[in-house]
Amino acid sequence: MLSDSELVRFSKDGRLEAFESLITKYKDRVYNIAFSFCANAAESDDIAQSVFVKAYANIGSFEEKAAFSTWLYRITVNECYTALKKRRTNVLSLDAEISNAEDISLADILADAKADIEKAMVSSETQNMMRKSITELPDKYRIILTLRDIEDMSYEEISRIMKISQDKVKVWLFRARNKLKQIIEKKERK
Amino acid sequence: MNCKNFCNQVSAYIDGLLTPAEKELFEKHCASCAGCAKETAELKNLRLSLLSLKKMPARAGFETSVMAKIESGAGLASFFETFFRAAKAAVLVSLVVFGIIIAFDYFTPAVAQPTASGGSIAALNRYVLQSAAVNMSNEKLVTGR
Ligand SMILES: [Zn+2]
Ligand SMILES: [Zn+2]
Numbered sequence: 758m759l760s761d762s763e764l765v766r767f768s769k770d771g772r773l774e775a776f777e778s779l780i781t782k783y784k785d786r787v788y789n790i791a792f793s794f795c796a797n798a799a800e801s802d803d804i805a806q807s808v809f810v811k812a813y814a815n816i817g818s819f820e821e822k823a824a825f826s827t828w829l830y831r832i833t834v835n836e837c838y839t840a841l842k843k844r845r846t847n848v849l850s851l852d853a854e855i856s857n858a859e860d861i862s863l864a865d866i867l868a869d870a871k872a873d874i875e876k877a878m879v880s881s882e883t884q885n886m887m888r889k890s891i892t893e894l895p896d897k898y899r900i901i902l903t904l905r906d907i908e909d910m911s912y913e914e915i916s917r918i919m920k921i922s923q924d925k926v927k928v929w930l931f932r933a934r935n936k937l938k939q940i941i942e943k944k945e946r947k
Numbered sequence: 010m011n012c013k014n015f016c017n018q019v020s021a022y023i024d025g026l027l028t029p030a031e032k033e034l035f036e037k038h039c040a041s042c043a044g045c046a047k048e049t050a051e052l053k054n055l056r057l058s059l060l061s062l063k064k065m066p067a068r069a070g071f072e073t074s075v076m077a078k079i080e081s082g083a084g085l086a087s088f089f090e091t092f093f094r095a096a097k098a099a100v101l102v103s104l105v106v107f108g109i110i111i112a113f114d115y116f117t118p119a120v121a122q123p124t125a126s127g128g129s130i131a132a133l134n135r136y137v138l139q140s141a142a143v144n145m146s147n148e149k150l151v152t153g154r
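These protein sequence lines map, in sequence, to chains Z and F. Under the numbering used here, the first residue of the first sequence is numbered 758, with each subsequent residue one higher. Under the numbering used here, the first residue of the second sequence is numbered 10, with each subsequent residue one higher.
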């Protein structure tokens with residue numbers, strides 16, 4: 758098994774199969790981050806694809822001062838920002854996006870024979886409500902919350918990815934969590 | 010320390026970022042303040058719920074799609090590289106031609122007519138007409154002789 762930095766060096770030499778190994782290793786994490794941002798399967802797939810296309814196009818300028826993963830997640834965060842900006846100009850209903858996500862989780866549940874379907878349906882509903890609530894947060898709070906509470910990254914890694922101080926991570930995270938809590942409570946009261 | 014200060018520490022507390030002294034004060038406060046205790050429990054619960062969200066994996070065949078894009082992109086890049094190399098050569102050639110015309114424009118009036126003014130084409134035309142006139146008068150002289 759080659760290390761990331763070995764795979765990066767091979768990729769810089771134009772060895773496509775080395776880069777493909779990096780995609781295999783990181784595709785789920787990148788996709789999951791994108792999904793937390795937009796709660797839409799097709800859009801997350803587009804974002805994740807362009808993350809890797811951009812990573813390959815720019816791998817020559819990656820100086821390896823940071824870990825490959827940090828660099829890749831930074832590209833992911835940027836692509837999410839770009840996708841959100843683009844989406845705001847098109848008018849897409851959030852409900853349509855969420856029901857799209859619901860289809861996927863339902864398909865996954867049905868594929869899993871062992872799952873207690875009734876129980877899974879309830880949790881899937883809660884999950885969709887939470888995912889929808891996350892998409893109602895301002896961009897930077899959405900990012901910080903995704904990296905910390907969904908991806909379980911450390912403050913140090915988040916500060917490197919977002920290029921902000923750990924104190925700022927702390928403050929933004931505090932606001933993001935409180936804001937999300939308010940959004941969820943408002944939904945539950947309805 | 011009042012209640013508001015503790016509220017600001019809840020997030021840091023659940024991430025284990027408080028110093029041992031701060032942590033002790035915080036927990037002591039929560040033991041006697043139902044509001045802060047409830048808030049701490051709720052935010053802890055929120056984080057755990059977010060952590061337990063179902064991980065969404067990339068679809069099957071994801072690598073194949075990306076690699077196809079990269080390979081077609083690489084083809085496109087090399088096409089542009091060739092195109093720009095050709096374009097660069099074309100620009101160099103036209104610069105050389107342009108340079109010759111400018112040089113011609115600069116030196117020709119001195120040869121043909123020192124008072125001449127105007128563009129290079131005009132200067133060229135004047136030069137050609139003048140030489141023709143000179144030739145013709147020479148011919149006249151020859152034939153007239
Ligand atoms: Zn209190
Ligand atoms: Zn309080």
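Keep in mind the hints are simulated off the structure, nothing from the lab. Cβ atoms here follow ideal geometry from the backbone N, Cα and C, with glycine treated the same way. Check the hints yourself; a few may be wrong.
[Claimed, not checked] Think about it this way: if two alpha-carbon atoms lie no more than 30 Å apart in a straight line, the pair counts; the simulated DSSO-like pairs of lysine-lysine are:
#, chain 1, residue 1, chain 2, residue 2
1, F, K47, Z, K925
2, Z, K842, F, K37
3, Z, K947, F, K78
4, Z, K943, F, K78
5, Z, K920, F, K37
6, Z, K889, F, K64
7, F, K78, Z, K936
8, F, K13, Z, K925
9, Z, K936, F, K97
10, Z, K897, F, K37
11, Z, K889, Z, K822
12, Z, K784, F, K13
13, F, K32, Z, K784
14, Z, K843, Z, K811
15, F, K47, Z, K842
16, F, K32, Z, K842
17, Z, K889, F, K97
[Unchecked claim] A partial selection of chain F residues facing chain Z, derived with a Cβ cut-off under 8 Å:
#, residue
18, K32
19, L34
20, F35
21, L55
22, L59
23, K64
24, I109
[As the list claims (entries may be wrong)] Non-contacting residues of chain F with respect to chain Z, defined by C-beta distances greater than 10 Å in every case (computed):
#, residue
25, S20
26, G44
27, S74
28, G82
29, V106
Structure-based check of all given hints:
1. At most 30 Å may separate the alpha-carbon atoms for a hinted pair to count; K47/F and K925/Z meet this at roughly 25 Å.
2. Proximity of K842/Z to K37/F is assessed by CA-CA distance (about 45 Å); at most 30 Å being required, the pair is judged violated.
3. This hinted pair does not check out: K947/Z and K78/F have alpha carbons roughly 46 Å apart, beyond 30 Å.
4. Proposed proximity of K943/Z and K78/F is contradicted: the alpha carbons are some 43 Å apart, above 30 Å.
5. At most 30 Å may separate the alpha-carbon atoms for a hinted pair to count; K920/Z and K37/F exceed this at roughly 36 Å.
6. Pair hint K889/Z plus K64/F holds up; C-alpha atoms about 15 Å apart against a cutoff of 30 Å.
7. At most 30 Å may separate the alpha-carbon atoms for a hinted pair to count; K78/F and K936/Z exceed this at roughly 39 Å.
8. Annotation: proposed proximity of K13/F to K925/Z holds, straight-line Cα distance about 20 Å (limit 30 Å).
9. At most 30 Å may separate the alpha-carbon atoms for a hinted pair to count; K936/Z and K97/F exceed this at roughly 56 Å.
10. A threshold of 30 Å between alpha carbons decides the hint, and for K897/Z with K37/F the separation of about 33 Å lies outside it, so the pair is violated.
11. Between the alpha carbons of K889/Z and K822/Z the distance comes to roughly 36 Å, so the proposed pair goes past 30 Å and is violated.
12. For the proposed pair K784/Z and K13/F, the alpha carbon gap of about 42 Å is over 30 Å, so the pair is violated.
13. Restraint check: the Cα-Cα separation between K32/F and K784/Z comes to about 38 Å, which exceeds 30 Å; the hinted pair is violated.
14. A threshold of 30 Å between alpha carbons decides the hint, and for K843/Z with K811/Z the separation of about 17 Å falls inside it, so the pair holds.
15. Between K47/F and K842/Z the CA atoms are separated by roughly 37 Å; this puts the pair beyond 30 Å, and the hint is violated.
16. With a C-alpha separation of about 41 Å, the suggested pairing of K32/F with K842/Z is violated against the 30 Å cut-off.
17. Pair hint K889/Z plus K97/F does not hold up; C-alpha atoms about 52 Å apart against a cutoff of 30 Å.
18. Interface hint status for K32/F: violated, as the beta-carbon distance to the closest one in chain Z is roughly 15 Å, over 8 Å.
19. A distance limit of 8 Å between C-beta atoms decides the matter here; for L34/F the minimum to chain Z is near 18 Å, and the interface restraint is violated.
20. Annotation: F35/F was flagged as interfacial toward chain Z, and the flag is violated, the nearest CB pair being 14 Å apart, outside 8 Å.
21. Nearest Cβ of chain Z to the Cβ of L55/F: about 6 Å, under the 8 Å cut. The hint holds.
22. Nearest Cβ of chain Z to the Cβ of L59/F: about 4 Å, under the 8 Å cut. The hint holds.
23. Taking 8 Å as the C-beta contact cut-off toward chain Z, the hint placing K64/F at the interface holds, the least distance being around 5 Å.
24. Interface hint at I109/F: violated, since its Cβ lies 40 Å from the closest Cβ of chain Z, which is beyond the 8 Å cut-off.
25. Interface exclusion of S20/F from chain Z breaks down, the closest Cβ pair being 4 Å apart, not more than 10 Å.
26. Chain Z leaves G44/F outside its interface by the beta-carbon criterion, the shortest separation being 14 Å against a cut-off of 10 Å.
27. Listed as outside the interface, S74/F is inconsistent with that label: its C-beta sits roughly 6 Å from the nearest C-beta of chain Z, within the 10 Å cut-off.
28. Not every C-beta of chain Z lies more than 10 Å from that of G82/F, the closest at about 7 Å, which undercuts listing it as non-interface.
29. No beta-carbon of chain Z is positioned within 10 Å of the beta-carbon of V106/F; the least distance is around 36 Å.
The structure is inconsistent with the numbered hints 2, 3, 4, 5, 7, 9, 10, 11, 12, 13, 15, 16, 17, 18, 19, 20, 24, 25, 27, 28, although it conforms to all the rest.
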